[in-house]
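Engineer: In case you want the letters, here they are:
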Amino acid sequence: DTGVSQDPRHKITKRGQNVTFRCDPISEHNRLYWYRQTLGQGPEFLTYFQNEAQLEKSRLLSDRFSAERPKGSFSTLEIQRTEQGDSAMYLCASSQYRGAETQYFGPGTRLLVL
Amino acid sequence: DAKTTQPPSMDCAEGRAANLPCNHSTISGNEYVYWYRQIHSQGPQYIIHGLKNNETNEMASLIITEDRKSSTLILPHATLRDTAVYYCIVASGGSYIPTFGRGTSLIVHP
Chain A
7 DTGVSQDPRH KITKRGQNVT FRCDPISEHN RLYWYRQTLG QGPEFLTYFQ
57 NEAQLEKSRL LSDRFSAERP KGSFSTLEIQ RTEQGDSAMY LCASSQYRGA
107 ETQYFGPGTR LLVL
Chain B
20 DAKTTQPPSM DCAEGRAANL PCNHSTISGN EYVYWYRQIH SQGPQYIIHG
70 LKNNETNEMA SLIITEDRKS STLILPHATL RDTAVYYCIV ASGGSYIPTF
120 GRGTSLIVHP
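Protein sequences, first through last, are from chains A and B. Numbering-wise (the numbering used here), the first sequence opens with residue 7 and increments by one. Numbering-wise (the numbering used here), the second sequence opens with residue 20 and increments by one.
By construction, these hints were calculated from the structure, which means they are not laboratory data. This list has only true hints and no planted wrong ones.
To give an idea of the chain A side of the interface with chain B (calculated C-beta under 10 angstroms), a few residues:
(1) V10
(2) Y41
(3) Q47
(4) E50
(5) F51
(6) Y54
(7) E62
(8) C98
(9) A99
(10) A106
(11) E107
(12) Y110
(13) G112
Using N, Cα and C, we set each Cβ at its ideal position, and we do this for glycine too.
Given the sequences, and given the hints that come with them, work out the whole structure.
Structural biologist: The structure is reproduced here in structure tokens:
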């Protein structure tokens with residue numbers, strides 16, 4: 007068990023560019039979550055998958071945000087036409103749903119939009 | 020809006036018990052109480068969860084009141100490495116959309 011990994015750990019981009027982040031969950035976990043965290047705030051839920059199905063996406067911040075988990079394993083989060091307000095930490099977590107949830111978080115990807 | 024209310028900050032002496040309170044007066048019958056903590060610049064770390072009964076694991080104890088409207092996380096012998104932001108959240112297993120809030124910043128001092 008190597009834990010949840012995220013790539014890249016840091017990303018600096020210019021306003022208007024597209025960025026994509028990857029999350030590799032713990033291998034046997036069927037649920038995968040994306041969060042955004044800004045300074046001084048708790049993680050803000052964005053979306054989650056159970057296997058390859060995206061069960062909740064209404065909390066994605068705008069239509070510039072999209073996520074995929076094509077084979078039920080790793081997931082990507084894409085932000086199109088980035089804005090300075092997108093600067094934040096993007097966290098991924100995974101869990102094995104068994105009625106109650108225990109989420110295991112990755113180290114996060116810190117995004118800075120210039 | 021967060022479903023829970025926590026004090027913004029607390030402090031504790033090293034070696035003493037840290038008792039972190041959480042109010043969740045609108046909790047519903049199928050919602051669990053979860054506690055996570057986040058050390059600066061790291062992802063949150065799961066601590067413990069419970070439904071009705073008190074729970075204990077190697078990290079902490081969770082005390083849930085009989086009416087389930089509040090709970091307390093207990094770190095029995097706090098160390099400097101327990102300095103972190105502690106989040107109390109409630110969520111149901113079937114539709115798990117957790118709301119973290121700002122948590123409690125716990126500082127453990129020597």
